[in-house]
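The listed protein sequences derive, respectively, from chains A and B.
Residue numbering for the first sequence follows this note's numbering, starting at 48 and increasing by one per position.
Residue numbering for the second sequence follows this note's numbering, starting at 98 and increasing by one per position.
You may find that some hints are simply not true.
Each computed BS3-like pair below joins lysine-lysine, with the alpha-carbon atoms no more than 27 angstroms apart [to be verified]:
no.	chain 1	residue 1	chain 2	residue 2
1	B	310	A	128
2	A	145	A	128
3	A	209	B	196
4	A	287	A	59
5	B	285	A	137
6	B	424	A	128
7	A	128	B	284
Taking CB as the label site, the calculated pair distances span [to be verified]:
no.	chain 1	residue 1	chain 2	residue 2	range
8	A	118	B	278	27 to 33 angstroms
9	A	269	B	278	43 to 49 angstroms
10	A	258	B	419	21 to 27 angstroms
Covered stretches of chain B (chain A as the covering partner; in silico rule of three or more C-beta atoms under 8 angstroms from a C-beta of chain A) [to be verified]:
no.	stretch
11	117-130
12	248-259
13	413-419
Don't read these hints as lab results, they were simulated from the structure.
For each residue, glycine too, the CB sits at the ideal point set by N, CA and C.
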Amino acid sequence: MTSKSIILSSTKRGSGKSVVAIGAYLKFKENGINPGYFKPIGDSSTIKPKNLTDKDASVISAVVARKFSQEQLCPLLLNPKFFLDEILPKESSEILEKITDAYDFIASRTDVVLIEGNHDYRQYAAVELSDAHIAKNFNAKVIICAPIAGDSDFDDVLAAVKIFRMQQCEIGGVILSPVNSTLENRIQKYYLPMMRNSNIALIGGLKSVKTLEFPTIAEILEAIDGKLLTGEFVKIKNRKIANFVIGAMHSNKAIEYIKRKPNVCVITGGDRIDIALNALETPISLLIFTGNLRPETSLLKKAEEKQIPTILAAGDTFSITEKLQNIHSDIQLDEIEICYEQVEQNLDWEEFSR
Amino acid sequence: MGKNIMLTSTKSGAGKSVVAIGLYLKMKEQGKNMGYFKPIGDAMTQQEKSRTDKDVSVISSVVARKFSKEEICPYFLNPEFYLEEILPEDAREIQQQIKDSFSNIQNKVDHMIIEGNHSFTQYAPVNLDDVYFAKEFNADIVICAPIEDDDDLNAVFTCHQYLTSQKLNVLGVVLNARSKMAEIRIKKYHTDLLESRDIHVIGSLQNVRDLEKPTVAEVMDATGAKLYSGDFLKVKNNLIGSFIIGAMGAEAALKILRANVDKCVITGGDRTDIALAALDTSTKLIIFTGNMEPVPRVVSVAQEKGVPLLTTSADTFTVSEQIRRIKTHIQPSEIQICRDQVENLDTEFLLKEH
């Protein structure tokens, strides 16, 4: 028996696709259905040297355990910004064949395949490998995941539905994830009636789980290309940072500020010994020195004593904060349970799995 | 017969206004009687004094006194919260109002340039999108797209497919190269790929970086920071070339401060050392964060040098985040740049019969 398949597509990044994929995987399993996971095109720019696969695929492969290899789950890697260096549009049918082979391998061994789409529904349209192309090829039902911060995000949801339908794809429904309670109300009041008119099912919406969005120290190190000065990488890599504070103001004021927030990372120039010393007296989680200004040894000794990790970064503070603000935090192994709860509590499972 | 050209964009930052203003001026030089129309303005950028949105405000200075701002842009919506202002069933009245305004201008000119919404998907749920107006106005479409890397090309293909499937006549695309690297990729890959799929590349905007520099007024708008000293009328249109966070010691700061011209320095109000060092270099603006006022000496030096000072209660990290979200608008002094930019476009082609 060939399995049925569901492709999770999103209107933009940060839609919670991976959360849904992991949660739904566990839910299927719980119901005695043998699920498979498949990510046709991984993001080569997120490859970690150790596992040689896309980050999303790497977390899911821990869930899927040893059933399939990472290469089977994610057969192709492309760099989203420079994919035209890697493949010619002419080659796309060949590539689709390769993807199909990998898909068939998983589909023939499972009851249902959860396909995780590209970063957004437009991605790789230029080489005819967009989610719509993939969905059509595997005859997969499309579920659109969309973070909703305002009406313009809803405009995009309807446009995405139109584009999938234009290419004869079946829309299984949408998952609208409101960023706050005002938007929850807008979904009920405005979006839902309009979706009914267009014959689009609302499957539910993920609740915002702040901790899922907090970056780990490992993610921060990678994003700013920093060097760990104190702290043992293996021990601290998975610690989460909830708040960033720039130590630009004079010491006393800065300390007051730091004390008010939990899991703080302080960013300051390596020559601001005053700020750094005071910060080390507070329960901060991380200290970043910018401008490639290596602080004096006595300061690092103190950081070691207090067991506060410190990082040295080469850029100026403004560009370092930019990099920190752009981190897309990935799901960590210990967060898998949250994914399950999201699906269990917030999605209409019958509609999802129909 | 006159031509109506609608500029529609894949996302904001496409350079629609640059093309609209430049095209308007070029056609006028050739003796043509041109009209400009923007069906729906952005209520969020609506200015109290001029009672119109920022784009329209600039173009109306180009169009001079031929038409009033209300004629050029008859309607306003808030992109993120428009559904409480207008439900799908009310759309007809608004459509009619906009169509009447359009005819009023069209009857008096040879050709019309119509500036579409922020993106091709905007306001589609209530039938006030670019697709609706292009059909009503019998307009040919030019897709404007910002290009940073290959990913932006996906949006061009998606947008083109969306528009042509709704039976619109798409003349081609104007690519707005956002960097030197983007220019190279456009030449190396994008143009050929688009042409090979019958999407005509009308040209590309280049080096519009200068147009993207925010003004002092735009920085104040985005951050909500208050003017502490300085003459608003004199400084509001000054362009900011770069942003620097003064988090390091004064000595290390000096190197960075010297290396950046026309900069805005963000620092704590108690960092007198940084402020004075900044005022000694090419600085256009200083923002003091953390609700701390600068000392009188800093104020007097700033006044002497004509550098405005702002204060805000927000912390430095938050301010840097707000600054990154600034959307800049064309300034009246930048109109010539727009005119020069359209020399990169095949404008003959636009007015031909298709």
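Hints, one by one, checked against the model:
A threshold of 27 angstroms between alpha carbons decides the hint, and for residue 310(B) with residue 128(A) the separation of about 24 angstroms falls inside it, so the pair holds. A threshold of 27 angstroms between alpha carbons decides the hint, and for residue 145(A) with residue 128(A) the separation of about 22 angstroms falls inside it, so the pair holds. Under the criterion of a C-alpha separation no larger than 27 angstroms, the hint pairing residue 209(A) with residue 196(B) is consistent with the structure, at around 26 angstroms. Using a Cα cut-off of 27 angstroms, the hinted pair residue 287(A) and residue 59(A) holds, with the two alpha carbons roughly 24 angstroms apart.
Note on residue 285(B) and residue 137(A): the hinted pairing holds, with a Cα-Cα distance of about 16 angstroms set against a maximum of 27 angstroms. Taken as a hint, the residue 424(B) and residue 128(A) pair is honoured in the structure, with Cα atoms around 23 angstroms apart against an allowance of 27 angstroms. The suggested pairing of residue 128(A) with residue 284(B) holds, with an alpha-carbon distance near 16 angstroms, which does not exceed 27 angstroms. A hinted range of 27 to 33 angstroms holds for the C-beta pair residue 118(A) and residue 278(B), which are about 31 angstroms apart.
Here the CB-CB span from residue 269(A) to residue 278(B) is close to 22 angstroms, at odds with the stated 43 to 49 angstroms. Against the hinted window of 21 to 27 angstroms, the Cβ-Cβ separation of residue 258(A) and residue 419(B) comes to about 24 angstroms, which satisfies the hint. A stretch counts as covered by a chain when three or more of its residues have a beta carbon under 8 angstroms from one of that chain; for the stretch 117-130 of chain B and chain A the count is 0, and the coverage is violated. Given as covered by chain A, the stretch 248-259 of chain B passes the check, having 9 residues with a CB less than 8 angstroms from a CB of that chain where 3 are the minimum.
A count of 4 residues in the stretch 413-419 of chain B with a Cβ less than 8 angstroms from any Cβ of chain A is obtained; the coverage claim is therefore met, three being the minimum.
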